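Trainee: Read off the chains here:
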Amino acid sequence: MNQDELKKVVLATLLAIAPEVEADELRADKPLRNQVDLDSMDWLNFLLGLHEKLAVDIPEADYAKLVTLNDVLAYLGARVR
Amino acid sequence: MLEFKLPSIGSDMDEGKLLEWKIKPGDRVKKGQVVAIVDTSKAAVDVEIWFDGTVHELLIEPGATIPVGTVLATLLAPGEKAGAPAVAAPPAGRRKISPAARKHAEALGVDVDTLAGSGPGGAVMLADVDAAAAQRSLAKPAAPSDRQAEMRKAIAAAMSRSKREIPHYYLAEAIAMERAQAWLSEANAGRPITGRLLMAAFQLKAVALALQKYPEMNGFFRDGAFQPVAAAHIGVAISMRQGGLIAPAIHDVGEKSLDEVMRDLADLVKRARAGSLKSSEMSDPTITVTNLGDQGVEAVYGVIYPPQVALVGFGRIAPRPWVDAAGGLSVAPVLTASLAADHRVSDGHRGALFLAELRDWLQQPEKL
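These protein sequence lines are chains B and Y, in that order. In terms of numbering that gives the first Met the number 0, the first sequence has 21 at position 22, counting the first letter as 1, and numbering is strictly consecutive. In terms of numbering that gives the first Met the number 0, the second sequence has 348 at position 349, counting the first letter as 1, and numbering is strictly consecutive.
Honestly, the hints are just simulated from the structure, not real lab data. Take these hints with a grain of salt, some might be off.
[As the list claims (entries may be wrong)] Lysine to aspartate or glutamate pairs mimicking EDC-like chemistry, simulated, CA-CA at most 16 Å apart: (1) Y/Lys80 x Y/Asp51; (2) Y/Lys269 x B/Asp41; (3) B/Lys7 x B/Asp38; (4) Y/Lys21 x Y/Glu60; (5) B/Lys6 x B/Asp23; (6) Y/Lys269 x B/Asp56.
What you are looking at is a predicted structure, and each value in this text was computed from that prediction instead of being measured.
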């Protein structure tokens, strides 16, 4: 899966949880949770959605690494086959 | 003959619009089964029935807006035979009206004496009552169709009533959450993402356990008196993405394991946002918990949702200076828990003891 395909999956997963998000307006280099109203349940569901689609298990200890959309893409990119 | 009435679906709802029947005459139904979908000002709600029986007659057509308490359907009790007269025939000289139509008219507040009957001998039939009710609702100003405006109105009504009727008192307690956080991290490290726990589930369980010792925080204030409830049906304030909020209950939180509370919480949030809550979840929370920590606030002082008598609020768990029991200063993750309670039912002293009990539970994660 290339970076573009991965980004599509990540954005689709995010939009399923926060349908009000305008994907074009998201800054990939800024903290995601400052731009999108995600509470801890939303965040868990976001990661669950990624887990279901990409078969990547994200340990809780790694949450701190996933601040921006770029972080999420890099993290997943290194783990998705 | 049993009557199935539109139940109250929260104190801010006094009418609902029947969207769909899930049953038909002749169906056997079981207690707890979803029998209809009713649209309220807040959400479309799956309405459950509270007894076993066999459906005899559906009295309300989908599309009708009816007040709480309206008889929606009649059912035969288990063992009861169809055809048995449900209501004694009216004495001679009274208006000819079918028993079902009379009940229906009473429920809708339609005066049968003003109705023209279309049945045999001028008897008033169900359809006549419906026609009169429809005429009446046409005469009323059209309700705003916008769900958000309706929800705002419902929240406004409930919160205004709360602030008008309930003498709130407020207490807060800062709680060191080091142990709880460490315990949760360790528990989650060994779990797949599908089985992970959130601090929110942990907090709900702690509230339920604290309530066991302070029952005056759990129940309803109705007709001038407090009615305690033994089980902790905790209403969880869930914000809707399009604005507004809804606070359906997780039942019997005190009896459930942490995993069960977490599973129920995830399910409840999902269904609240998808608009498929059950009537029992909407009608019977005995206390509400609100958590605004994810929004970054330190503390929340809530407005009690009547007829409940207390609300527990949680802020953000954030690193703050902390003085331990030995007088040492350190930085610790601290949570501010607050209580808004009804002074007609409890006093600040008991409220303070309740918060202390809640603090103790939150600091003994292994016991939850």
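Trainee: Against this structure, judge whether each hint is valid.
Mentor: Right, here's what the structure says about each hint:
1. Restraint check for Y/Lys80 and Y/Asp51: satisfied, since their Cα atoms lie roughly 14 Å apart, inside the 16 Å limit.
2. With a C-alpha separation of about 10 Å, the suggested pair Y/Lys269 and B/Asp41 falls inside the 16 Å cut-off, and the hint holds.
3. Distance check on the hinted pair: B/Lys7 and B/Asp38 sit about 22 Å apart at the alpha-carbon level, beyond 16 Å; violated.
4. Simply put, Y/Lys21 and Y/Glu60 have alpha-carbon atoms about 12 Å apart, close enough for the 16 Å limit, and the pair holds.
5. Of the supplied pair hints, the one linking B/Lys6 and B/Asp23 holds, its CA atoms being roughly 12 Å apart against a limit of 16 Å.
6. The hinted pair formed by Y/Lys269 and B/Asp56 fails the criterion: a straight-line CA distance of about 21 Å is larger than 16 Å.
When held up to the earlier numbered hints, the structure conflicts with 3 and 6 and fits the remainder.
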